[in-house]
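**Q** So the chains spell out like this:
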Amino acid sequence: MTVTEAPTTTDRGAADPTGGLPGESRFHRLRYRAQVLRREPVVGLSIVLVVVLGYLVIGPLVSVLSDAGRVQLADVGNAKQSVGSLTSYYLWRVFRSPVSAALFWKPLTNTVVVAFGTTLFALIVGGALAWLLVRTDVRGRKWLATALVVPYMLPSWTFSLAWLSLFKNDRAGGQIGFLEGWGVHTPDWLAYGPLPMIICLGLHYYPFVLLLFGNALRRLDAQLEDSARILGARPGTVARRVTIPLMLPALSSAVLLVFGKVLGTFGTPYILGLPTNYMVLSTSLYRSIRNHSAGEAAVFTGVIVIIGIGFLLLDTRLVREQKRFVTVGGKGSMDRVTGLGRWRHPASAIAVLVFVGAVIIPLATLVLSTITKTPGVFNADNFTLQYWLAPHLTGAPGFPHGVLRGSDLYLAAWHSVKIVGTMALCCGLAGILIGYVVVRSDGRIGTLLRQISFLPYLIPGIAFAAASLSLFAIRRGPIPALYGTSLLLIIVLVVTHLPYSSRSGISAMTQLGKEPEEAAQIAGARWFTRITRVVLPIQKGPLVVGVVLPFISGLKELSIVIMLTTTGTQLLTTLSISLVDFAYTQMANAVVLVIAAVAFTSTYLMQKITKTSLAAGLGG
Amino acid sequence: MSGITLTRVSKSYVSGLLAVKNLDLDIPEGSFTCLLGPSGCGKTTTLRMIAGLEHPTDGEITVDDRVLDSVPRGIYVPPERRSMGLVFQSYALWPHLTVAKNVEFGLRVKKAPAAERRARVGEALKLMQIDHLADRYPAQLSGGQQQRVSLARMLAVDPTVLLLDEPLSNLDARLRLEMRAELKRLHDATGHTFVLVTHDQIEAMTMATHVAVMHDGVLEQMAAPMEVYDRPATRFVAEFVGSPPMNFVDPGGSGPAAESLRRHLVAAGFDPATAAHVGVRPEALHLATFAGAADGGVPDGAWSFPATVATVLPTGSSTTVSLTAGVDTIFLTAFAEVGVPTGGTVTCYARDSDLHLFDDQDRRLSSWDNRPARILQEVR
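Residue numbers (this note's numbering), protein chains in the order written: chain A, 1 to 620; chain B, 621 to 1000.
Hints are computed from structural coordinates only; laboratory data are not their basis.
Do not rely on the hints blindly, as some may be mistaken.
[Said to hold, decoys possible] Using C-beta positions, here's what the derived DEER-type ranges look like:
| id | chain 1 | residue 1 | chain 2 | residue 2 | range |
| --- | --- | --- | --- | --- | --- |
| 1 | B | 636 | A | 82 | 48 to 56 Å |
| 2 | B | 757 | A | 337 | 46 to 54 Å |
| 3 | B | 757 | A | 139 | 37 to 45 Å |
[Stated by the list, open to error] Derived, one-sided and incomplete: chain B residues facing chain A with beta-carbon distance under 7 Å:
| id | residue |
| --- | --- |
| 4 | 691 |
| 5 | 698 |
| 6 | 699 |
| 7 | 712 |
| 8 | 714 |
| 9 | 716 |
| 10 | 718 |
| 11 | 730 |
| 12 | 732 |
| 13 | 849 |
Beta carbons are placed, not taken as given, at the ideal position from N, Cα and C, and that holds for glycine.
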């Protein structure tokens, strides 16, 4: 068919291409395919990733569900069946038995109450602040926008320790709070239980609403509102008929995500619920794990997983349904602000008050509590640095020296850095690799990988930790038992942070595209050269972010860590909780201040250096 | 210098989409071949298969006598061993390397000695006239400069074949003109086989020695550019190449143009049922006279018909007139000023040698001049 032949040629309606028998041509295709696979490591890599991640992500869930339906060693007597046989004993015990009210139904109700209250609190505070910051001329908008998200950078149970330092009464062991110190009796309902939990969690989670809702407000096309105004609608009508309906997706997302997060939170309910035995699902799960009731724990895990997945599926569904009327503004989404007039200063005062209540008061309280012997007494002779610096502390046999003395804090910090650092490195690399495979492989295997790596996002970390305990409790085939090892902790932390890392890895690799690597391939570079000389150097920035973000979040992580650490390896977070258990208030507060300082500084530095915003890491 | 042969190459995707269907293509050694077609016609897939970045589901690809892909024989040579060059539409320069390092990369992975690397990089940069940019990073370059770097990067390794995937589509009009001349110069200077993918017919017409027109994964015609223009093999080629596109009138249709054409064909001894579609290029259509005047402007034996002027679109060097003749809308290009008023009635005509006849399968019939003895003889 060259030009020298017939003047014109057509190639329509040609005969069957394969000449040979159908079976033979299929064999040829497979043989050719095998040749291609041999030369292209992407496929092999994607299969390895799918198998490994599949085992680490789906394996625990299968294992924990199977535990819930099989007799465990400790319960042979109770269930009157042999070990490993199928049983409904645990379901019966948790849901229908005489003890199930105390064991399950009460904690479930409590969880719902706390989650509902927290969501409402976060929604009101966060929503109002979002509107003030995005749509009004409130004073100091820029400063407030940064200052008001600080609570989200602090470990969530910081607030509960501060709360106890203020309101604790003499019901539980350890030091009383400032108020009692001043002679004001604080009733139990104010000191412990649902009310303080709601306030403390609400203060931690309102920035979440603020960011989600604020971003949506910012993207809203102001022309949509203008059109309604021009057609004669009054501001109230515009808000009711245009703005709020358009904000519904962001709103429902914020509600469901906060609800889901509260469901899996451990520190706050543990600290504030223990004195009055106010249990929620996460603390119940913790207790049954500590009591070695594996079957019971499996049922709890199953319930938390199902509720967690349910909420997130509901969220995706709502978002998808509402997507059809969400308008992402282009040109029209300009910075449109409402003048507050004489309300401008009072509005700023309210915003500043929230900052004071959510950041200044808790941190000041914690700091004061660590440098006073008797709570709430601010005489010169009551101040001391002994809880930080003293080489010997009498009356504290479990921790007989200042926090900064001895090796405990440093050892815990070292463990934290070692374990969380390893986890973060793995996460960053895994994220880029997953992104690489998703971009390079065609279609189905990439989608599968994307879905598997996203799955842990649906499951509260504490439930995932419990499920992993069940999977790795015993040796399975070539995989040894990992119970109580740092390796298990690292694995679970990697998997639970994977959704964020893989998402950022996929977006970084998608943005880059496959062409730079293909160009290297054409230029004669083999796979390893292409990865080390082209792909990784170009992705240096995203790789650093993909390591630093999980690192910061891992430093603050408590729910997962507390389920998986044994007393041998203390991390900063577990050290703080064990000091709470010892009722060494000053030292527990001091350790949480150290964590807060580290978490805040590193977040702040990273935002400054990489110019990313916290909103990007929220996963909303 | 190498010729590329594709034998019965097919490519289907997991989605079931058949991108390339049973393609036979011979790209002569040292040619500048353009794969031309609308988006989605399989031309980029074909190019990427030649590069080894996509894998055919069937067929064979060879360069000279070296088999690069053969599904029947189970042979696959990975892209890094094909010694080809590929210039991407997005240029795909490595942003973390300077221009010089970008160009040097291929030599480095081939472990060429430092002195040779330096010499070849300098040569390639000089050839593309960008030696003064050697220490810049890609982000500091304009689109045209990036394009030159991406060419230099591929030329440095002295590829047997240079593949170009819509290399000019991201450039502005002026730069595109400049780069066309540049690519033509490079082809002459290097003597390599160039294969260029484009949907821009002007690119194909101006640069190529051979044009392969593709449509729906099928090769419609492979010929020299003017051959494709003068003797389009199929109605698709006829309509795709040329701007404004070729006019088509169906002799079986109604309206003054169709009816006069039918009479004209019968008078010349054609069966109007065989010549189902007749095409005429806008510039081959002429205005005879305005209504009312004698038909003195129509040459003897030419096909003529009356039409109404819908719009007149002057472009400076030529004027395109949009005409209505019954149901047909017909474009006419005149190279002189046209003084016809909108709404006026005119007579147009075309010479027999300018009529393109296609059968009801849209395949070209033999040309007018060879009538009527070989009239039913198809081209292939």
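**Q** Evaluate each hint against the coordinates.
**A** Tested hints:
1. B:636 x A:82: 48 to 56 Å: Taking Cβ atoms as reference, residue 636 (chain B) and residue 82 (chain A) lie about 52 Å apart, which means the hint holds.
2. B:757 x A:337: 46 to 54 Å: Violated, at about 40 Å.
3. B:757 x A:139: 37 to 45 Å: The hinted range 37 to 45 Å holds for residue 757 (chain B) and residue 139 (chain A), with Cβ atoms some 43 Å apart.
4. 691: For residue 691 (chain B), the interface hint holds, since the closest Cβ of chain A sits about 4 Å away, which is under 7 Å.
5. 698: OK, holds: residue 698 (chain B) within 7 Å of chain A, min 4 Å.
6. 699: holds, 5 Å
7. 712: At 4 Å from the nearest chain A Cβ, residue 712 (chain B) passes the 7 Å test, so the hint holds.
8. 714: Hint on residue 714 (chain B): holds, closest Cβ of chain A at ~6 Å, below 7 Å.
9. 716: With a minimum Cβ separation of about 5 Å from chain A (threshold 7 Å), the hint on residue 716 (chain B) holds.
10. 718: It is violated, given that the least Cβ distance between residue 718 (chain B) and chain A is near 13 Å, above 7 Å.
11. 730: holds, 5 Å
12. 732: Hint on residue 732 (chain B): violated, closest Cβ of chain A at ~10 Å, above 7 Å.
13. 849: Nearest chain A Cβ about 12 Å off; hint violated.
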